[in-house]
Amino acid sequence: RKEVEQDPGPFNVPEGATVAFNCTYSNSASQSFFWYRQDCRKEPKLLMSVYSSGNEDGRFTAQLNRASQYISLLIRDSKLSDSATYLCVVSGGNTPLVFGKGTRLSVIA
Amino acid sequence: NAGVTQTPKFRVLKTGQSMTLLCAQDMNHEYMYWYRQDPGMGLRLIHYSVGEGTTAKGEVPDGYNVSRLKKQNFLLGLESAAPSQTSVYFCASSISTVLRTTEAFFGQGTRLTVV
Numbered sequence: 007r008k009e010v011e012q013d014p015g016p017f018n019v020p021e022g023a024t025v026a027f028n029c030t031y032s033n034s035a036s037q038s039f040f041w042y043r044q045d046c047r048k049e050p051k052l053l054m055s056v057y058s059s060g061n062e063d064g065r066f067t068a069q070l071n072r073a074s075q076y077i078s079l080l081i082r083d084s085k086l087s088d089s090a091t092y093l094c095v096v097s098g099g100n101t102p103l104v105f106g107k108g109t110r111l112s113v114i115a
Numbered sequence: 363n364a365g366v367t368q369t370p371k372f373r374v375l376k377t378g379q380s381m382t383l384l385c386a387q388d389m390n391h392e393y394m395y396w397y398r399q400d401p402g403m404g405l406r407l408i409h410y411s412v413g414e415g416t417t418a419k420g421e422v423p424d425g426y427n428v429s430r431l432k433k434q435n436f437l438l439g440l441e442s443a444a445p446s447q448t449s450v451y452f453c454a455s456s457i458s459t460v461l462r463t464t465e466a467f468f469g470q471g472t473r474l475t476v477v
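Keeping their order, the protein sequence lines are chains U and B.
When we follow my numbering, the leftmost residue of the first sequence carries the number 7, and every step to the right adds one.
When we follow my numbering, the leftmost residue of the second sequence carries the number 363, and every step to the right adds one.
Worth flagging that the hints you see were computed from the coordinates, not collected in a lab.
Ideal Cβ placement from N, Cα and C applies to all residues, glycine included.
Treat each hint with caution, since some may be false.
Not everything, but these chain U residues come out facing chain B in the computed CB check (under 10 angstroms) [what the hints assert, rightly or not]:
id, residue
1, SER38
2, PHE40
3, LYS48
4, PHE66
5, LEU70
6, ASN71
7, SER74
8, LEU103
9, PHE105
10, GLY108
Calculated cross-link-like contacts (lysine to aspartate or glutamate; reagent style EDC-like; alpha-carbon spacing at most 16 angstroms) [to be verified]:
id, chain 1, residue 1, chain 2, residue 2
11, U, LYS48, B, ASP400
12, U, LYS51, B, GLU465
13, U, LYS107, B, ASP400
14, U, LYS107, B, GLU392
15, U, LYS51, U, GLU9
16, U, LYS107, U, GLU21
17, B, LYS371, U, ASP88
Using the sequences and the accompanying hints, generate a full structural model.
Okay, here's the thing in structure tokens:
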């Protein structure tokens, strides 16, 4: 089983839609969780950290379920500019960051 | 406010040639990483370093060597380039403690083609 697994998509959604991505991880000792965004041919950039209590940043909400070992990202009111690949990232503290393969989102006008 | 800088940004090598990719960070981060990214494969960890003078293998270390002689620099070497090493290479750095790792900051990438 891969350490971090994501549905590769693509998710094709109309503007204004709500879309959710899930990510599962295999290392139960993982302590740090993130969602990154990567635009075509660019470096990944942090979208948001994921905390045990969940966190929200504008239209984006991230949740962590330790018992089931998955994290989620919800995007509300999708914009054309949200089109990108979303990477789930997990770390065990003193272990390196492990990236999922990413989920591709296309928001269509 | 440079962050993480990779050199070079583009390179074409002939099979069998050697080269070194340089990564420099000015954030005093302990952890540094080298990843490669290929279509459909996501980011795969090549080598990483948890501090000056230390290195460790990642998921795909074969064909690469690394060195971390100074805290701010992490070098990735290809001793004898092969077409399979054609890829986009990303360097990243982060802070890490026993309890957790903070976000990683990435360089802009090096696009390497081996012919």
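Exercise for the section: Could you work out which earlier hints the structure fails to respect and list their numbers in ascending sequence? Expected result: The structure conflicts with hints 4, 5, 6, 7, 14, 15, 16, 17, although it agrees with all the remaining ones.
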